[in-house]
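Participant: Next come the chains, spelled out residue by residue.
Protein chains: 2
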Amino acid sequence: MAKGKTTRSMIVRSALREASSQGLEGISIGALAKKLDMSKSGLFAHFGSKDGLQKAVLELGAELFVAKVVRPATTKERGLPRVVALFDNWLEWTDSEVVPGGCLFMSSTFELDDRPGLARDVLAVTMREFRNTLARAAAIAVEEGHFRTDLDLAQFAFQMHAILLAHQVEARLFRSPDASDIARKAFESLLSTATP
Amino acid sequence: MAKGKTTRSMIVRSALREASSQGLEGISIGALAKKLDMSKSGLFAHFGSKDGLQKAVLELGAELFVAKVVRPATTKERGLPRVVALFDNWLEWTDSEVVPGGCLFMSSTFELDDRPGLARDVLAVTMREFRNTLARAAAIAVEEGHFRTDLDLAQFAFQMHAILLAHQVEARLFRSPDASDIARKAFESLLSTATP
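Protein chains in written order, with the working numbering: chain S, 40 to 235; chain V, 40 to 235.
Next comes chain S alone, as it looks inside the complex:
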């Protein structure tokens, strides 16, 4: 049982790395099995379906995202410092080892938006949760007096997410060496519209 769990976790980690560059639909069971020296049917048995594997990849991605982006931000002071930490950590996440092909959630968003199914449902719930995390951080910044009291929190979260999406284009499609600077400048401009 413990061995089964370890194998499953190894498969999902490997699939996550592949999905970050080739997309969730680009995960090749054959290539994964070969890489992990398993049979295709043996590998598949851990998930039951392609959807099951994609769901497991998204769930591991969300777990790592929370560990690397969300949780470290909560150790910062309440208010603006946490909002800034969420932004900085998210930028770092898109360059991290666990997603060598960039943010799994951004590529999956554009890949799955027209593919109804389990993976799309998991993704939509996860992304909504990330947006809510940004909005909650902004709400605390309002409480602390760092942001103006009439700030539209969902709107702020949308605009913060927008900058992170465009950063990915800048960094990964255009390969701009100053992608982070451009994103940070946009974020500062957004912050300036949110402060009292």
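No lab work stands behind these hints, which were simulated from the structure alone. One or more of the hints may lead you astray.
Reference listing, derived: stretches of chain V covered by chain S, where coverage requires no fewer than 3 residues with Cβ under 8 Å from a Cβ of chain S [unchecked claim]: (1) 43–51; (2) 93–107; (3) 122–136; (4) 140–146; (5) 160–172.
In this text the structure is predicted, and so the values were computed from the model without any measurement. Heads up, the beta-carbon is just placed ideally off N, CA and C, and yes, glycines get one too.
Starting from the known structure of chain S, arrange chain V on it as the hints suggest.
Facilitator: What follows is chain V alone, placed relative to chain S:
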């Protein structure tokens, strides 16, 4: 010769519709051939390679984008009205018939960023050109006194593009009925940072 051109164009239009929802890598030569009542080899002969077909799809997409988004904006008054028209037309484009699965360029960006090749090269040049179009429109708005003279044009174009990316997430992943309103509100906030 004329017949060959018509057939080719019909294939590319059909492939563009499919790519908008299934991705450029999701174009199935088999499904396309069946739909158009052709042999797979007969269809393939028009492009030589999968890369060739993807390139043709991106080129047709760019042509339609210019016809629907860029050119109508140039009939507006110089300055702010043109910037606003580019934004409005781009929003409409993502809902248009020719790309039933949403903006081809956004999904392709996240799909191809890690896939070196002809299609990626064409996409990067095309996207850079769209960004430049936004920056040039902003430059004219500066000349007309609608935007402040120290506006960073490339930065403005980045932020405008960011909102359009996030709109796609809002509309297509979250299926928010008020996606356009949220995007417009973000755009108005961006405009407010650009005005003198």
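Participant: Next, verify each hint and record whether it holds.
Facilitator: Now the hints, each set against the structure:
{"no.": "1", "hint": "43–51", "in the structure": "violated (count 0)"}
{"no.": "2", "hint": "93–107", "in the structure": "violated (count 0)"}
{"no.": "3", "hint": "122–136", "in the structure": "violated (count 0)"}
{"no.": "4", "hint": "140–146", "in the structure": "holds (count 4)"}
{"no.": "5", "hint": "160–172", "in the structure": "holds (count 4)"}
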